[in-house]
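Peer 1: Sequence:
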Amino acid sequence: MLVALGLTAVASIIAITITSSSLYAVGYTTSTRSGVQAQAAGEAGIDYAAAKLATSVCQPQYGPTATEPVFTVTVSSSLLSASATGDVDTSWVAGCPTSAAFKRVKLVSEGSANTLGMLGNASGDKRKVEAIYPYTPTPPTWITASGAAIYSFSQTDSTVNNLDINSSSATPATIQYLSGSASCTSGSTIHGSVILGQGGASLASGCLIDGDLYASGSVSLNSATVTGNVSADSGAYPSVSLAPSAIVQGNVLAGGPVLVQGAVGGNIVAGPAGGVTKISGSVGGSVIVAGTLNTAGGTIIGSTLTGKTGIVAPVIPFVPGWVDYPYSLSDWAPGGFTEFVMSDCTNSGFVSAMTAMLASTTPKVLNGLACGSSGLDFTKLSSTQTLTSDLVVIANSFNLGNNNFVSSNVANTRNMWLITPDRGVGGNQFPDCPIGGTFKMASHTTVSARVNALIYSPCTITNSADVWQGQIYAAGTKTANAFILNYVPIGIPGVNLSDGTSTSITLPGTGVLGIRTALRNINAG
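Taking this note's numbering, I'd label the letters of the sequence shown as residues 288 to 812.
Check each hint, because a few of them may be wrong.
Straight line, CA to CA, 20 Å or less: simulated SDA-like cross-link-like pairs of lysine to any residue [said to hold, decoys possible]: (1) Lys595 <-> Thr582; (2) Lys339 <-> Ile802; (3) Lys765 <-> Pro721; (4) Lys565 <-> Gly522.
None of these hints come from the bench; they were simulated from the model.
Please model the complete structure; the sequences and the hints are all you need to start from.
Peer 2: The following block contains the structure:
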């Protein structure tokens, strides 16, 4: 009996041991299976989010997915590059990159197993995978590089004296006057086109337009050269006049009869207004007129045709109306700008505020509207102003003195905006200069080759022997004094200055991920 009981006990122990081993094996096996599934799901989440970042607008979270592979991915961003942080980076912030200042993206993907571990063994049910990538956001759509080199709503001072316009970009430079004429009284060189929406042009003393000239009024050229075409909508005689020393290398298109004592390299088309077109100079192409033709000893290489019906007056390119820009910080936030509002408008207060703005490594807005009509006096600053990042300055008045704006980095170009807001009372689309508001550029203001600067002012801008790189958008611009403008289109948020239409303001969208610099598993608990 004792032997039988002993054998039964031994058999029971063996059975229990085998059962426990079997249960453990089942739990371990299923846990291993779920761990493999969860790991695969976590890594799939990393790949999914990385692909989305490169093809569509960033989302702060991807998932959770409802079908296999099951994962949830969260996004974090850092302003620092890997080389700037060492082993520890405490600058991570939750969410997508909100400006071009962000350097890296971290993806944390929590993958879930499709089949969970059995018998209480849940250690493999979830896996959390972390991946870090260098990240370069695409340029945000919050601003459109648009607008002319010089735009004037109403050019009351027509005198152009020693004006030099160049283009530092692939976009040709353009001078646009919505209203007003241009009278070049001494040597000026404009590498681009001139469009006078409601005015005429008079060029003399070696003035050169290296492009096209368009005018709604008449055009008179005396000791001047236009390398492109000349178009004048005027029907009065002479719609276009060339003195003996004047040259138009392209065509002359006029709304009425013309007088050519100089040289035209291309064709002449004059009409629909009739009258006598007189040519005592030379024409390299053909002459077609609605009226009659008097060659007066001139030379015409091509054919001639008089009394031509159906001639359409030349169409002057569109000059957009005034764009009211009232200023809102929300317009600039997508570009990573933060605002500093001035409360101390003394000279020392302005110097202190400007010093801090220039030293900032992130884009800044200096809001000086509280300083009233006196605005901001840059003559109180040192002669050289070094920009470490992009800068917007808002004020009712500006007085720029002997200031030289430069970039802190020879490899990086900084952007600067000097803006006097136009509230546009009732949306009047008319330049409303603040009471007492002014914009003065005097004593050799200089913007260097590594700074692009835009002026927006509903006031008239004065200048004195200045060098500017960027563009000017104003109620009017004094060009009677020597002035050099190297045109670079910049624009302002929410507006296309080229056509006066509104544009969308959105956060940066897609970006370019660099080669993954880190991939690891982290605690899923």
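Peer 1: Look at each hint and say if it fits the structure.
Peer 2: Comparing the hints with the structure gives:
1. Taking the CA atoms of Lys595 and Thr582, the gap is near 17 Å; set against the 20 Å cutoff, the hint holds.
2. The hinted pair formed by Lys339 and Ile802 meets the criterion: a straight-line CA distance of about 16 Å does not exceed 20 Å.
3. Using a Cα cut-off of 20 Å, the hinted pair Lys765 and Pro721 holds, with the two alpha carbons roughly 19 Å apart.
4. Of the supplied pair hints, the one linking Lys565 and Gly522 holds, its CA atoms being roughly 15 Å apart against a limit of 20 Å.
Hint violations for this structure: none, all hints satisfied.
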